[in-house]
Amino acid sequence: MTDAFSGVKVLDFCWVAIGPMTTRYLSDFGAHVVRIESIKRIDTIRTATPLKDNQPGINNSAYFANYNSGKQSMALNMSNPKAREIALRLVEWADVVTENFTPGIMERWGLDYHSLKKIKPDIIMFSASMQGRGGPFSNHPGFGPVLTALSGHTHLTGWPDRVPTSPYGAYTDFLLPRLAVAAIGAALDHKHRTGVGTYIDMSQLEGSLYFVADALMNFSGNGKVDVRNGNKHPFSAPHNAYPCKGNDRWCTIACMDDVQWQSLCRLMDREDLIKDPLFCDTHSRKENEEELDLILSEWTREKDAFQLMTECQRYGVPAGVVQTCQDLFDDPQLKDRQHFVFLDHKVIGRHAYDGTCFQLSESPASYKPAPLLGEHTSWVCKEILGMHEQEIEDLIKSEILV
Amino acid sequence: MLANYRVLDLTDERGILCGKILGDLGADVLAIEPPLGNIARRQGPFYQDVPDPENSLFWGFFATNKRSITLNLESSKGKTLLRTLIQKSHFLIESFRPGYMDELGFNYKAVKTINPSIIMVSISAFGQKGPYSQYEATDLTGMALSGMMYLTGDVDRPPVRVSSPQFWTAGGASGAAGAMIANHYRLKTGKGQFVDVSCQQSIARALSHAPQIWDLEKFNMKRQGPYRPVGQVNLRINWECSDGYINFIQPGGHTGGLSMENLSKWMDEKQMGAEVLRTTAWGEIGFGRLSKNLLDQMTPPLETFFKTMTKSELGQGAIERRILLFPVNDTKDVFNHPQLLARDFFREVTIGEQNDKLKIPGPFITATGSPLSSFKRAPTIGEHNLEVYSEIGLTSPEIDRLVEESII
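As you go down the protein sequences, you meet chains A and B in turn.
Read in order, the letters of the first sequence are residues 1 to 402 in this note's numbering.
Read in order, the letters of the second sequence are residues 1 to 408 in this note's numbering.
Don't take each hint at face value.
[Stated by the list, open to error] Distance condition first, Cα-Cα at most 16 Å in a straight line; then the derived EDC-like pairs of lysine to aspartate or glutamate:
1) B/LYS188 x A/ASP293
2) B/LYS112 x A/ASP257
3) A/LYS52 x B/GLU217
4) A/LYS224 x B/ASP49
5) A/LYS232 x A/ASP276
6) A/LYS224 x B/ASP333
7) A/LYS232 x A/ASP293
[Unchecked claim] Every beta carbon over 12 Å from chain A, so not counted as near; a handful from chain B, in silico:
8) GLN128
9) ASP296
10) GLU391
If you are wondering where the hints come from, they were derived from the structure by calculation, not from laboratory data.
Cβ atoms here follow ideal geometry from the backbone N, Cα and C, with glycine treated the same way.
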């Protein structure tokens, strides 16, 4: 079986989340990805928790490992001017160069698209940055978690009477790699057919706006500024997370029409509510939502969340347990899809990586553990660059291959 | 970039983003709608709040860069036409309940018989098979089962979803990635394949390191309101200012150190400085290594300072001084964000019977070498029937007859 991207060579300057997640899709599907890293400028998430035995160490982070499975790691200290020459030789080898530094860094190293194109005219280069190249905020530094503040997600998450919360983590950093992979795939296709390379500039902010587009359109079309509203839905009730038996246990229930509501009433053994003028149609249920939520909460409070979900589903009522991370590992559907993949990492040992969120029938993903920092330096120097042992040692001594 | 490809987009409001992404990249995406219009057109918000299939602002964004044809898939003539379209296309995307394509007679096996090189992408809540595959799902129940809700919200209230739906668009984005990965396989082998997307997995893969923390530490991360748990402390991320909120965090390390020093100087300029901000060696404090004691001392002066200015003043000042502080934009702010305006991100399209002008988000990348095609507004129902059905070889009288018979 051939891998989808087998034969595709990627020189990867990415770091932290959005970049490495993008190139991980490439390596999962068979691309040869060489990550450029340096002990002199350690990728922030190499030191981020969770760590093996909770001990600091550049090879101990399962966070890093999860975004870098299947890649090779080459140590190259870009702050040394001589490193550029080695990087350019790798550009000659590569089909695709990827990076997500603050705009200005690749330029400072002389590795901007124009320079790369001179060395390799058909190169594909992918750049992601917080707010894109050009424009007044282009060079402003920042990390993924702030993007939901700029995009409007944060303003739309939480309770109307409180300070907004944010969707957990660097949320949009995990969605945008899928758009990035589609764009890189399109550029590879274009090169395959025409021999012409592409430079792709992705503003993480702009891509994030795709995931809040309905609210943006409501402002654009109607001048309305949507506000966070807990779990409420404008045209549906009940629509909330309801308390269940146990500590901080919840099950969501959403009735999107009267039929689902009537089924729920039957399940609750409360057929009287079907005809009750307070709850008989969506409009009245929205009007009396607080009372409705109280009735439901009383009913759910002593129930097991998973049993409640199963019962609702049997009645055709949309319901889902608010799952903890622990629950995800036990989730029968995720197990069936092999969502978590356990791989043996040289330092961390056997631990969980996320599998892909789509299954390909002919060229499925295959997974290898993440590399240690510089694990493949010698291999890359010999096999790709044709260096001799002595040359490699010298470059290590002069702090270039570190 | 993808101008050579034709995409049949059978999705409703659930998988609709997938085709939009391929359309942005230049593919000829045909939204195939039932004769009365795609169910996604019933999705609000509606232009001027008038519910009408041609007024859906949801459709108005997610169907840009697509053409529209109508086709009754449940009629036998409609099926024949779909077979012809499948023969002449490169991708087929759908987001029906798992099993429905089978009932129609168009599961992957059947589609493959018609066109062995086609890539079929199925987007569903939980995947085509497995114990939850037939579960009813909405954005809310999906976000719950994916693990995102438990991590989001205030600690003393129920977990929350994002008030703008995320579950299906996350899956739509996965579908586009899967389609283009499968496309590369086809470039090399000539073979098509089936791409089975799970929205649940699409969100479960967006939980940062929370699943790995469970795996290694057997600790369940939990919602913390406007705070973010880092190391031994909860760092505040969202703060009040005079007209709303801003996002500010002390991220540690070199970049974070400079940011704190610059903020301290700015506060000094405004006679609102604090000794603790001035004297701490911020650059030497790693991410998450802030002590509880230092955090308690630094918080009150910051709170006071932020409340004296608007989010826009704070945001602009942060840019000038390289401080890691950002406005918490609402949707109105987004349309006025200087960087988005400078990059000409928004596009103008027309909507409604009067062809009113409307600003909408533009394409998600810029590309040189192989530039993107021109930006097209969302189509009206069956706007391209004549055009597309002629392209696949039907004559005008044949098309008229299909209209009469309510096939298209």
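Taking the hints in turn, this is what the structure says about them:
1. B/LYS188 x A/ASP293: Not satisfied, since the Cα-Cα distance of roughly 56 Å exceeds 16 Å.
2. B/LYS112 x A/ASP257: With a Cα-Cα distance of about 37 Å, the restraint between B/LYS112 and A/ASP257 is violated, given a limit of 16 Å.
3. A/LYS52 x B/GLU217: holds, 9 Å
4. A/LYS224 x B/ASP49: holds, 10 Å
5. A/LYS232 x A/ASP276: Distance of about 22 Å is beyond 16 Å: violated.
6. A/LYS224 x B/ASP333: holds, 12 Å
7. A/LYS232 x A/ASP293: holds, 11 Å
8. GLN128: violated, 9 Å
9. ASP296: Per Cβ check, B/ASP296 is outside 12 Å of chain A; nearest 19 Å; holds.
10. GLU391: holds, 21 Å
Checked against the numbered hints given earlier, this structure breaks hints 1, 2, 5 and 8; the rest are met.
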